[in-house]
Structures are given as C-alpha cells and as structure tokens.
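Novice: Here's the letter readout for the chains.
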Amino acid sequence: MQGPKKTLSIFSFSETQLRFLKYCAVFFIPVIIVYAVLELLVLDLPINYKFYGNHLNTHSKEIEVMALGSSQVKCGFNPALSNKSAINFASTSQHHNEDFNILKGTIDRFPKLKTVVLEVSSNHLELPHHANDYWKNSIYLKYYNVNAFERPTWAKDKLIFLSNTRFFSHKLMNFYFYKTDNSELNEFGFDTNNYDGAFKKLNYDENEIANHKFKIITREDLSIFKKNTAYLFEMMDYLEKQNLNVIIINVPIYKTYAHKRNPNIVHRRDSVLNVIKNKYSNVILLNKETDTVQFAVRDFLNENHLNPDGAKKFTALVNRKLDSLN
Amino acid sequence: MIVASSLVDYFAALALKGTENNNRQKIFLYGSIFWNLGVLFLFKYYNFFIDEFALLFNMQEGEYAFSTLNLILPVGLSFYTFQTMSYTIDVFKKRIEPTRNLLNFLCFVSFFPQLVAGPIEKASNLLPQFSNKRSFDSAQVKEGLRQILWGLFKKMVIADNAAYIVNMVYASPEDYGSLSLLYASVLFFFQIYGDFSGYSDIAIGTAKLFGFRLSKNFNIPYLAKSVTAFWQRWHITLTRWFTDYVYFPIIQKNLRSNIRRNIAVFLTMGLIGLWHGADWTFVIFGGFQGLLIIVERTPLSTNRKSSLYHKALIPDFMVPVLSLIFITLSCLLFRSQNIDELWIILKRITSFIPSESLASLIDKRFLLCVVIMITLEVLTRFKDFPLVQLDNYINRPTRWLLYYFFIFIIFLYAGPKEDFIYFQF
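The listed protein sequences correspond, in order, to chains A and B.
Under the numbering used here, the first residue of the first sequence carries the number 712, and numbering increases by one thereafter.
Under the numbering used here, the first residue of the second sequence carries the number 549, and numbering increases by one thereafter.
Heads up, a few of these hints could be off.
[What the hints assert, rightly or not] With a straight-line Cα cutoff of 25 Å, these simulated SDA-like cross-link-like pairs (lysine to any residue) come out:
1. K988/A x Q953/A
2. K733/A x F684/B
3. K681/B x L732/A
4. K965/B x I928/A
5. K966/A x L906/B
It should be emphasised that the hints constitute simulated quantities derived from the structure, not laboratory data.
Chain A with its partners taken away, still in its complex shape (with noise of 0.2 Å):
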C-alpha cells in the first residue's frame, strides 16, 4: 500500500517509493566503492601505456621519433636506446587505425617530431580494424588524450577498469594477489625484463623450439586486404604532408614462425611495400622480419616477439635509419 505523497514537486515519492530507494542506496554504495577501489588500484598498475602517458606529458617538447605499432613493436623497440629523443607508442593488437589516430591526437604536441616509425607486419594488410569502441580507446583518452572513439566521449569512457573488467582483474590479481608481475618499466614503458616467454621456458634449445606450437594467423582475406591498404595510403598521405619521415619496419620473427606464414600474405603486404617506397620520397623501409644472420634464439621472447636483447639490436638498426635520414 502506498503511503502519502511526501511534497508537490516532481520529485514527490511515496513512503514505499523512498523505501525502496534508501534500500538500493544501501545496496549499491558498497559496488560503487568498491568499483572506486578497483579503479585506483588499476591505475596504480605500472602498466605500459601509463609510461607512455607520463613520457608525453613530460617530454613532448623534446621528442623527434614516435614509433607505433603492435606488440612486436613493444617489445622490439627500446626508446631509451634510441639516438633520438623517442617515444614508443606501441601496444599489444594496435592495429593501423588506433596508430592513425594515436598520431592525429599528439601530434600537436611534438612541436621537434622528424620521423615516424610504423609497422606494417604480415597481419597488418589482412586483419580486419578494430571498432570505434575497441577497449583500448579508453586507455588512449586517459593516458594520451587522445579520442579514438571519433564521437563525443562521456565520462566513463575514461574508466580504466570497465573498459575490460577481464583483462584488468587479471593484471590485478598477478600483481597484488599472486605477485607474479616481474615486469620492469623503465620510464619510456619498456619493459627491460621481458624475458620469461616460451623460449626460455625451452631453454632457448631449438630442437625443442622446432617443435613448440604456436598460434599464427594464415587466413587472407582480400576484401579487408583493399580496405587496410588503402587506409595505410591515407596515413602515408598524411605523414607526407606534416613533412615527416617515415621508416617503416618489420620487426623480426624466428624461422619457425617465419616458415608458417602465408606466402601470400606475405606477398602481397610487400608488394605494398614496394609501391610505397617508390611513391613515397619521405619513406624508407628496415624489413628485417627475416634476419636469421643478427639475430638469434636467445633473442627472443617467443616465436615473434624480441626479448630485450633482441630489442637492442633492432633499436641500433632503427638508431642507423634515423642517422641515414639526416
């Protein structure tokens, strides 16, 4: 039975309406707190992106070359051994359209960037792009202001945690629960430790390596192939235009991963690649995705991922492209 309504207004409720709210007030304020408390603990992570933000805000007066990417990049790429003043702005799954859009939404505030460097591995040309509401777009508005989410952003696009729960209750739990986080950031958000992947498990021995398995993604898909490559041409006409240098990379692979690619993907992709370098004055190419001669098993991570020893290398090889360029 309702009760008396309390005041004229819009907001009038009945006793069994003001209940009814005391009731889901006292239920919910514990989630929201402890929604506020997951929140903070996952921005007190010491993940990647939160490096690259604070070196943005700190450097960007001084950076010459932003590199973007995948993880290949991540992992391959250590700024801190760069010649230049760097900033890596790679992640696991970045595909094209978030580097596009990570480089349209800082670009401003490199008022010194000379170079970019982009990676257009073997996926890059026939992986569909991500969506408008890929999770990391909540990542790049925190951490680097930047809107990939092309609408209006509203306020919980900023929060971390909800941009995916899963993924983040991961890293909380192995870093404050299981502690298994051995990662050590150094203040470009490379990880300088990044050594506990599947080949040293195998104790870098290749026999046992011939046989590791390993997922790889062979599928073509000519129709994505046109989209992603006509998208790639429209970043390379931007980059031109802001009178950037381009040096575009492929990061080393090991042979086993190299061996199982599809030949025509693999292809293709450089096929674009040549056009591109013909087109394109203010491009070079460092494809060293095959590059058994500088690099060896221990350095890498796993099948097409650098360890930080290998990352060394590649950098120094990037270090001679920038000289080049001068």
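With chain A's structure known, arrange chain B on it following the hints.
Specialist: Showing chain B alone in chain A's frame:
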C-alpha cells in the same frame, strides 16, 4: 522510418475499421503489408538479391541496370516492422480493435527496452498496457532489477567470454584443428544464447521497472527434446509470429494435408532463416531447421513414431543431446560469414585434424560460469528466470549476498565488450 512505418499502420488499421467493404479492407491490408515488406526488402535484402542476380547471369558491376545501394540498416527494423505489421493483420482479422490514440501506438512501436532486439510483441499484449494506469510496485521493480542482473551475467560473463574464443577461432579457422573448431562452435551456441536471452532478460526487466510486462522470449532451449521443441523455446516471440502469420494461413485451408503442412514448415523456417539476414547461410540455416522438423514429424509406417527420435534407437537421455548436436550444426551456418567459410570449417571438423591449440582455448573459470548458468536455469526451469521471487524463500542478507556474488562475478570475469548479436537484425 519508424515514424513512417508507424503512421502507415496506424492509419491502415483505422481505415480497416472505417469500412465494411471486404475488398477495400484487403486493399488497406495489402497496402500496409506491401509498405512494411518493401521497406524491409529495400534496407535488408535489396543488395543481396541484386548481387545474386548479377552472379546468376555472370554480370560484372555496371553491366546491369540496378546498382546496389549504400544504405545503413535502421536499428531494430526487423523487429518493429513485424510488430506494426502484425497489428494491422490482427485488426483485419478482427482479433483486436484499432487504437485511436496515436501517442499510445507510437509508444507501442518504439517502446525502447524491446525496440532494437525484441521480444516481438503482439499489439494485443503490449498496446493496452499503455492505456492502463500504472503505479509504483516495488515487488515488480525488484523482479525487474533481478532479471536485469541475470541478463547482465549471461551477456557479460557467458556471451562475451564465449565470443572472445569464438571470434579468435573463426577469424582464422584454417589455423585450428577439428576439436578446436567443434569446441568454438559449441561455445557459439552459448554465446548467442547468453547474448540474446541476456538481452531479452534485460529488456523484460527494464520494462518491469516501468510497470510493463513483456513476453518471455527463451525457455532453456538447450533442454529441448527435439528441433520442434527447440523453436518453441528459442526466440519464442519470433517463432510465434511466423507460426501465426505464415504457417497457419498456409495450412488452414487443408489441415489434413501432410504435404501442405511440410511445405508450410519448410517455407516458415526458411523465412525465419532469411529474417536473420540477407545471406545464403541464413537461408540454408532456416531450410535445415525446416527439414529437421519435417523429418521429426514424419511418422514411421510401422509404429507411427517419429523417424528421427525413434525410441527404440535412441535412449531418452540422449534425445536432448542429439537435438543439441543438430542445433550446434545449425550454429555453424549462423556463424559462418559465407558458404566458403562454412565449407572450410565443416571440412576441417570432419577431417580429424589434431587440435594443438585446444588446451589454450579452454578457460576453466569461464566453463565454471557456464555450469553455474546451466545449473541454476535447470534447477529453476519452471520459473521465468533463476533469480525470480527470491523474497519468498531467502531472507534479505542472503539475497543481497547472492546479488553481490553475481555483481562480483561480472566485475571479475566479464569478457571484452561485444555488441549484441541481434542488434544487426
């Protein structure tokens, strides 16, 4: 589009009421149906038919007079079109009286909880509720909130986590072995179930907050003992719509004709398939369901029992399992982007290719959540949803602990954000 469709049916229904002349009534009815199906065809199926026509005659782009259109599919088109169309048909059949209240009718068509993905409501159920006086009912609001919580659990924990694995495998099926593909296909069933029934629960729960009652859309479909029973438990409001407006009108002239009945089943299920999207995989999906239902209904000459579920051949406990196998096979059709991909997946599944990556796809915590969902749903199978009417048998502190448990599970194990699958329809 939604306003235009609503106005067409609103005035068509009033015009039907305004004349006693049967021919005129038919003109108004067919005019309304023509408009509704025309809009649906233009936005959803036009490009598909043009492309298939060109393919049939081996024509290249530019060689034929009709070009494909670059139209964005209006959100919820398939749902509200069916809702408004059924209203006009029901008025024509004199099952309901047309409403003169335009605002109520517009609210009925655009009622936000169920606008984008159902349940597809009949006017006789939902429309009168807009005229009813509603007051705050804390018991109903609590039921609504509980149903939303249950829906969120199914969507964010079950569907989104399943989607993570399914998307990974289906992004490159050539790189996975038979068991991995089979596992992903079974998970796709749970993904789509969690996704769509989760959405329905959220929609029904949200409607309850405003004092509205929507129809039940799912009834533990994985317990179905036949494909026929499955469709009485899965997307119930869609099946009911097609049964009332396609199946019955076809068979009503000759109820005893088995051939007519089988054609009606096949056509109805084919259309249900096509309703889901303009692709051959959906048409085959519907046709396959139709065939299975026809086989189920065809009696053996010796003992008049169903040929598919002949009790002497299949033990009772295996019947739901067999149905689930057929449904999972159908899911392959539903998930594959095109016939080529379907063929690749089927070939790989039946080639017994070793699945080296299967272990990496199995997430024990997620599977535990699936078990929790199934257990709770089976234990409370005679109720609308597992958390219903908890007040009757659990005290408040225990209830709150249970709610916190589900919120905690959602916080901890929610998968990466995925759009609702049925939003695309």
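Novice: If a hint holds in the structure, say so; if it doesn't, say that too.
Specialist: Hints and how they fare:
| no. | hint | verdict |
| --- | --- | --- |
| 1 | K988/A x Q953/A | holds, 17 Å |
| 2 | K733/A x F684/B | holds, 15 Å |
| 3 | K681/B x L732/A | holds, 22 Å |
| 4 | K965/B x I928/A | holds, 22 Å |
| 5 | K966/A x L906/B | holds, 24 Å |
Comparing the model with each earlier hint shows no violations; every hint is respected.
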